[in-house]
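Participant: Taken in sequence, the protein lines are chains A, B, C, D, E and F.
Letter by letter, the first sequence follows residues 1 to 146 of this note's numbering.
Letter by letter, the second sequence follows residues 147 to 292 of this note's numbering.
Letter by letter, the third sequence follows residues 293 to 438 of this note's numbering.
Letter by letter, the fourth sequence follows residues 439 to 584 of this note's numbering.
Letter by letter, the fifth sequence follows residues 585 to 730 of this note's numbering.
Letter by letter, the sixth sequence follows residues 731 to 876 of this note's numbering.
Derived by calculation from the structure, the hints in this document are not laboratory data.
Treat the hints loosely; a few may be bogus.
Only pairs whose alpha carbons sit at most 25 Å apart, straight line, appear in this in silico SDA-like list of lysine to any residue [said to hold, decoys possible]:
| no. | chain 1 | residue 1 | chain 2 | residue 2 |
| --- | --- | --- | --- | --- |
| 1 | E | 637 | F | 871 |
| 2 | D | 491 | D | 548 |
| 3 | C | 399 | D | 581 |
| 4 | C | 294 | C | 342 |
| 5 | F | 732 | A | 74 |
| 6 | B | 253 | B | 221 |
| 7 | D | 581 | C | 346 |
Because the structure is a prediction, the values reported are computed rather than measured.
6 protein chains.
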Amino acid sequence: MKSIYFEDYVTGESRTSTGRTITETDIVMHAGQTGDFFPHHMDAEWCKTQDFKQRIAHGTLIFSVAVGQTAGVINPEAFSYGYDRLRFIRPVFIGDTITARCTIKEKRDDPKRPTMGVVVELVESINQRGETVMAAEHLLLVKRKS
Amino acid sequence: MKSIYFEDYVTGESRTSTGRTITETDIVMHAGQTGDFFPHHMDAEWCKTQDFKQRIAHGTLIFSVAVGQTAGVINPEAFSYGYDRLRFIRPVFIGDTITARCTIKEKRDDPKRPTMGVVVELVESINQRGETVMAAEHLLLVKRKS
Amino acid sequence: MKSIYFEDYVTGESRTSTGRTITETDIVMHAGQTGDFFPHHMDAEWCKTQDFKQRIAHGTLIFSVAVGQTAGVINPEAFSYGYDRLRFIRPVFIGDTITARCTIKEKRDDPKRPTMGVVVELVESINQRGETVMAAEHLLLVKRKS
Amino acid sequence: MKSIYFEDYVTGESRTSTGRTITETDIVMHAGQTGDFFPHHMDAEWCKTQDFKQRIAHGTLIFSVAVGQTAGVINPEAFSYGYDRLRFIRPVFIGDTITARCTIKEKRDDPKRPTMGVVVELVESINQRGETVMAAEHLLLVKRKS
Amino acid sequence: MKSIYFEDYVTGESRTSTGRTITETDIVMHAGQTGDFFPHHMDAEWCKTQDFKQRIAHGTLIFSVAVGQTAGVINPEAFSYGYDRLRFIRPVFIGDTITARCTIKEKRDDPKRPTMGVVVELVESINQRGETVMAAEHLLLVKRKS
Amino acid sequence: MKSIYFEDYVTGESRTSTGRTITETDIVMHAGQTGDFFPHHMDAEWCKTQDFKQRIAHGTLIFSVAVGQTAGVINPEAFSYGYDRLRFIRPVFIGDTITARCTIKEKRDDPKRPTMGVVVELVESINQRGETVMAAEHLLLVKRKS
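Isolated chain A (complex conformation) (with noise of 0.2 Å):
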């Protein structure tokens, strides 16, 4: 574990994961794990008589995904805070691979804590064909230096 402290970060600068291929027992275990087996997700046959025409995935897999392959690094002077914005922007499909892209989108103080500041982080998912599938801002709170 490396010290990266709010000073350190670096507006614009980003990131990019491994690719990840979304499987069929991915969408299957995120079920189970939830309790969501609505038939968008679950049910081939329904699937096929709606625009989408096949099973997509859940927006919290793609979402925990997502968060999972961005969480290469542990900075121990950083709390996340939680996201804002977080948006399902197209659907993900069974094979599709997709990849976190990570981005300093903005630094600001942090009103109520002078020792710290915030960080926004913007997450993408960004499945084979390069669209943005999933978009959230992440807020860390990050120690100052001094």
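Given chain A, put chains B, C, D, E and F in place with the hints provided.
Facilitator: Just chains B, C, D, E and F, lined up with the frame of chain A:
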């Protein structure tokens, strides 16, 4: 599936799910699904040296379970647009039991889509001591009757 | 939870679940849960040499899924007594979509328990071609209103 | 695979499996496989308010495990026809260890199939206190030698 | 459990397991169990750019499955000492069916333990084309009869 | 992915992973993945009658987790050739926390491949008491710079 239109939603109305105990199994499987094996979730020895003293559930697990708990009724007139202000307020430990409460917080017009309205549902995860551990605002695009 | 009493059940009434596609994942996980790794379920090469030509789902998987599909409403006045005449009528293959239909087949007195009656529910699993693949009679002990 | 014919089954003969401790993991995964998240299985707090005071295993889990425990030997001459009188006799709690006992209860002719006979196996799940928690009669159609 | 002593093992004797098709589910679950989400196993798009053109199973998955396939009989007189010369000879792809063959390769004295001997079992995983994909030598410490 | 060549490996250098608590869930899922339901891993009652008094993790689970723990960095110049001297030195119980340590033990020429060298990594699993529970030598074929 029963159609529920924009006009049918009543601000202030709420519904509560059955409870669910978050188990070690849930955490281990969520690590396996997301690839997030951070010691906060997976290393009981390291956790003993931290303020919270024990393993804590992934935020994305609690969010995914809460969304699943509220996924009881399919409304073919509604589309999930995303979530705002997702906040992880308190840690969830192994053995905590969480219940999801869904409250209609606000109804507003959608400037771009005159045939639809935006319903804002406040989704809260509440533990066995009555503490809110997570909150998020779910944005639903819902068709109008006319 | 809403109380449903013996008198409330109407012979001939039926309800149908949403559908669920039985996936390779379901079979692999059911083998893992039960320890039944028979080649009928797990060895695609051996199955090619058999009459059915492909892997088939475990009977206990289909039964468990059907019971789960009908487990939508909790009736605090009813106790599950068991099942009679559980029959596996047709094989279920990977990719088949099954729906559970639950029909009140019979109501009878319980000779030993005068304050209760026996409700016999016929549980059927039906595939995407309308064929019944499994049937069982669920015996419910239900409290009488008086 | 070794052929065992109708004539080879001996009424009264029994075999016992190795034991298996039913864990919280088994219950969480069975909920995930079946979609049955009833509080009897998943909500430790609610269970404390009930007669049994703690979470209980799904009946279909115990049945599936028992069938899996007895699935050691493949008999190419036998076909599973179904189960009669499946009864859930006592609750199974997390940490209980169950063993399956399989006893040849009865052999009878199959009126429709002269080349086969029906073997009735009594399958019982027995816990670490020697109590029978589940019983079912397995119907096997078995080829006759001549 | 039946005792098998050092003297009972016959060099050159072999046994073969039933087959098992390695599925996408197995790979996804093994990634989840081990935390190894390398693109070789999880990213179908990246794999298309590599020599093997498709996702490959983790070596530890194939090894674990092979050991499990041969774990049919418990010998209370034998202790597993470890494995030598574990080699991953060919890739295993999704849909390949592997069988484990176990051959008694060698028997030798254990210089430190006069009441025991070392039995070397060659464990091989063989795919549906008859190719050996993995091999390892299993070292068993086995009690002598006298 | 960053290229690391044969010349870059330094004998004696070591790295240590984050820790991971081995849970009942890991054991139940590994049984499910491998089909090894031996009572040593699955039957808490039987284990009470044995020397070790409690369930122990599968050796292949500990090996798979250790390999996964060390799989942090992809080196496109290295190929895994296999493992030598895999030894299960002490039992791992539910609740033990293991860390993987990887030490460059030896570098040697590959007589058949002049453009490559063999790097021998000692992989050790160490529990929360500092005891080595498993060890293996990982053989890497690594390209030379020239």
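Participant: Hint by hint, note whether the structure agrees.
Facilitator: Right, here's what the structure says about each hint:
Of the supplied pair hints, the one linking residue 637/E and residue 871/F holds, its CA atoms being roughly 21 Å apart against a limit of 25 Å. Between residue 491/D and residue 548/D the alpha-carbon distance is near 46 Å, which puts this suggested pair outside the 25 Å criterion. For the proposed pair residue 399/C and residue 581/D, the alpha carbon gap of about 38 Å is over 25 Å, so the pair is violated. Our distance criterion of 25 Å between C-alpha atoms is broken by residue 294/C and residue 342/C, whose separation comes to about 49 Å.
Restraint check for residue 732/F and residue 74/A: satisfied, since their Cα atoms lie roughly 20 Å apart, inside the 25 Å limit. As the CA atoms of residue 253/B and residue 221/B are separated by approximately 17 Å, the hinted pair is consistent with the 25 Å bound. The suggested pairing of residue 581/D with residue 346/C holds, with an alpha-carbon distance near 23 Å, which does not exceed 25 Å.
Going through the hint list in order, the structure does not satisfy hints 2, 3 and 4.
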